[in-house]
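Residue numbers (our numbering), protein chains in the order written: chain U, 1 to 398; chain Y, 1001 to 1277; chain B, 2001 to 2430.
These are calculated hints, taken from the structure and not from any lab test. Hints are supplied without guarantee of correctness; some may be wrong.
Unchecked claim - Residues from chain U that face chain B, not an exhaustive set, calculated with beta carbons under 8 Å:
1) Phe118
2) Thr128
3) Gly130
4) Ile163
5) Met189
6) Gly218
7) Leu375
Quantities reported herein were computed from a predicted structural model and do not represent experimental measurements. Every residue gets a Cβ at the ideal spot worked out from N, C-alpha and C, and that includes glycine.
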Amino acid sequence: MGPKSRVSACKKETGRWQKAGEEAARNWELLTANRGESLGLRPATQTFAGLPAEVTKEQGEIMTQSAPVAEAAISAESMRGPVAGAESTGETVLGGGPKYDLRRRPRVAESLIQGFLFLCGAISILTTLGIVYVLGRESLLFFANEEVNLLKFFGGTEWQPAISRFGIWPLVTATLMASLIAMAVALPMGLCIAIYLSEYAGQRTRSVLKPILEVLAGIPTVVYGYFALTFMTPFLRGILGRDIVEIYNTASAGIVIGILVIPLVSSMSEDALSAVPGSLRQASYGLGATRLETAVRIVLPAALSGVAAAFIVAISRAIGETMIVAIAAGAGPNFTFSPFRAAETMTGHIVRISGGDLSYDSIDYNSIFAIGLLLFLMTLSLNILSQWIVRRFREEYE
Amino acid sequence: MTVALERPAQTQSSQSAAYANGTGSFAIEAGGMGVYYGNFCAVRDVDMRVPTNKITAIIGPSGCGKSTVLRCFNRMNDLINSARIEGEVLFQGQNIYDDSVDPVEVRRRIGMVFQKANPFPKTIYENVAWGTRINGFRGDMDEMVEKALRSAALWDEVKDKLQQSALGLSGGQQQRLCIARAIAVEPEIILMDEPASALDPIATLRIEDLMKELSEKYTIIVVTHNMQQAARISDFTAFFSVDEYRTGNLIEFDETEKIFTNPSQKSTEDYITGRFG
Amino acid sequence: MALDQRQTATQPAGGLMPSGPAYREQVVTRQRRGRRWAIIFQAAMLSGIIALCALLFNILNQSFGYVAIINNIDPAELAIDGVPLDELTKDQLVGILEANVSAGLMRRYEHDMPFAQRTSENVHELILERVVEPQVQATWGLFESVFARGSVFAEAEERFPGSDVYFRSWLTTSFISKSQSSEPLRAGVRTAIFGSLWVVAITILFSFPIGVGAAIYLEEYAHKERLINRLIQTNINNLAGVPSIIYGMLGLAIFVRILEVFTSGAFLGIGDQSTANGRTIISAGLTLGLLILPLIIINGQEAIRAVPNSLRQAGFGLGATHWQVIWHHVLPSAMPGILTGTILAISRAIGETAPLVVVGASTFIALDPSGPFSKFTVLPIQIYQWTSRPQDEFRNLAAAAILVLLVLLLTMNASAVLLRNHFDRGQANA
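Please model the complete structure; the sequences and the hints are all you need to start from.
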């Protein structure tokens, strides 16, 4: 049913509304033109065609109602003019005073509801502000301490707040090491799995394998921590020798973090690969490329921005991962570059300190917020980077 | 080497005797070819011999399996899991559906241009170079790219922006780039699936001119829904129709002039004159 | 037979493209490389599955198996006239207890609950706890217990002479129904389960209405071009990527510290001394609520976006207000999607550990939580604490608790899938 039939339906109903009906139809046309046919926008004309003349009041209503629809969905600016026009035309045609009062009336309940819903959305802003305020305030208190300064913080290689050693590096290197190991596991594995699922596996295989990955993604991190300590560590010690691998070490924590983020990498990458239009694959095959050449040299580069975004989100996730390192990596800052030694990451340190007795405004309390701020900034910049990559390098396919 | 005609021209097939007994060689010979999607028979009993270095048009009402037939000629239907092909398709005397034949090689020898231009999201240069590179091209790549682009009548328009993304070209330019890309790997046959259907009339004209030029060197098989286009450019025309089971079948295959002026089948005439379809 | 016999004849312009046997050989090489990589891709998938299997195997392995136990007094010695301990009457059991523990302890038991009111099972338990005093010496995994039974017994015999070796399932009904204990053989997860349920209830009450409200606002009301709405949207996407421990610090600073008066229950006068620091169920619930809010909003937006516009048009066409259309048409259609997303978000909350450690989960509580202002512990915290203990038997307890947690999560995820399927079918029929 198009706008045209709507007009004719209006004509059938009552001649007086003819002009207004046409205006409305024009509005609909504008609407559909603006919003695109894909939105499936159809006027409810069918209802009108069969209705008796008394229902014309509702026809009047729909014209006022069409305005909010447009506002909700698209830029209202382009709509306002014609809609207002429809109302005024309707009134002038009526001549001797309108039979129906079509003026906007205040709807208090509607406004209240909308206000409440806006507040719900605004809570997210409050959360962010809260995070920034809390981390910022306590960090400022930390750096306001006369024994602490930025030079010590970023220059020292020992972290012992109790004896005024405030070098963040032991925690950072442990974090980066665990993340690096995790990425060495997760990126190749996740990408291979994504390519397999997107380019090789059949529909049925995919429907079996994807839920398995979802299960892997749904397991709580504390369980992974348990796995790292009671399985991965003995496993590594069995292979490499007990002398080399300590009971707590970043290697087993890193490997297990890698396993944890594999589903993240593979599902995000697979989404990106699947979004590459099939016509590119066909073109590639049409030139005599093999499946591997098509997958790796056409589809993968075309999906590169999405895959890169997946990688970066995975890094961010690995840096912020807490329970695995808290359980398996070690409980004490240790400036080391050996993945088989115990070392405490930033997150692990926060958990250990806050898990003990912690008095407010002590140097320990403030220091974990300073670490938290650094962690927040690291993950936030990675997340923003990944979003920017997606936006900037997305290939637009029709 | 001229491929000998092993099967006599079928009486029921409408290929004209004059042509069937002619001296021309054939680029593709389909015999008893049928295509199934699962249990659904999309096309059946296709017997046609496509002459070398000519333009052959495939026409017919929508849903008659024109594109399906075209895709059978370079095994593109392999990519659809449920698709199954019966009969044989001879390319230089060899059945391309034989187990020993590698579809990768088939597709290199029988190139394809698609309905919608689908350049790779790479530079214009890379779009042309890529296919030859994976196929082991040794030589001056710049020269090769220029040659291919010239053959596709695109060189003058893009020579200054070879390193720009191909997605920035207009629809018609993109389609000619796809043609350049296809001829760069030096195929024998180029299959074109409604190559101009998404283009404006001027771009369409350029593609048609290009096809005529290319037909001196290549065998071109083109699917079109536009009868005028078929009449304008093709030397031979195959008319497909669809039966009551929605299965496509070849009604008539002959020289274009004969199909459009004096078809031997009633349904061809009905279609040509616009009585159905 | 190569396909390009006529190559030179028809392609005078060619030349450098490989042809003939050279090309043939090249294609074979490429295809071989393709097959090799296909195997690598499959192997990656396979190792993912293997990792999952190893994880599950490891947990099952630790949840069951032989234990070597040495009792302070052999229960057989306590038998009276050849009647074994667990078949004695209550009076006989009380007699044994009296004979073996101090009078002071007996008075305390009498004070807690008069022996007259106690059941014989209860007294039996007291005897096991105070008289028999079983001590775990060593534990073995399920794998060893099944496939290397002989060496288990031999090792137990050699290292712990006189020990009692028997097969024990760490996951039992009493494990689920008992509260926490420092004795691994009697410890249970009831407190933690109740804690988890309380915390999650608060989380749902907080995040579901707000999350759905925000999703409605962003999809139905917000002008996408307005700065504030773009800000909200970007902000939500970023919040979803903030590490969970940061939420814990937010909860610690805001709910536990600044809002202590409210979260400790002091403003209602019902908080007791032990919870006066604000480390309560409500603080934990609100923290997790903030944590999963972005997930619920993003999921809700997707569900609302999936509602066909024709439905809204039909509603508006009948003269409904915007909210009427949302409440009567959009929300009911989007609800299955919203609920599915919410369940998945909640299962994330149930498994969350780090933020609750920071907010201040109690290390040891034996009393069930009594309300939102109680101290709390939850299943993952319990698992974390048991895992951190050096003794093997606590690892076994942790494994059993993990099984409980996984079953809980699996049930929730399965119900999400069922819900989705149910509503999908319902809509298909409608």
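Violated constraints from the hint list, given by number and in increasing order:
4
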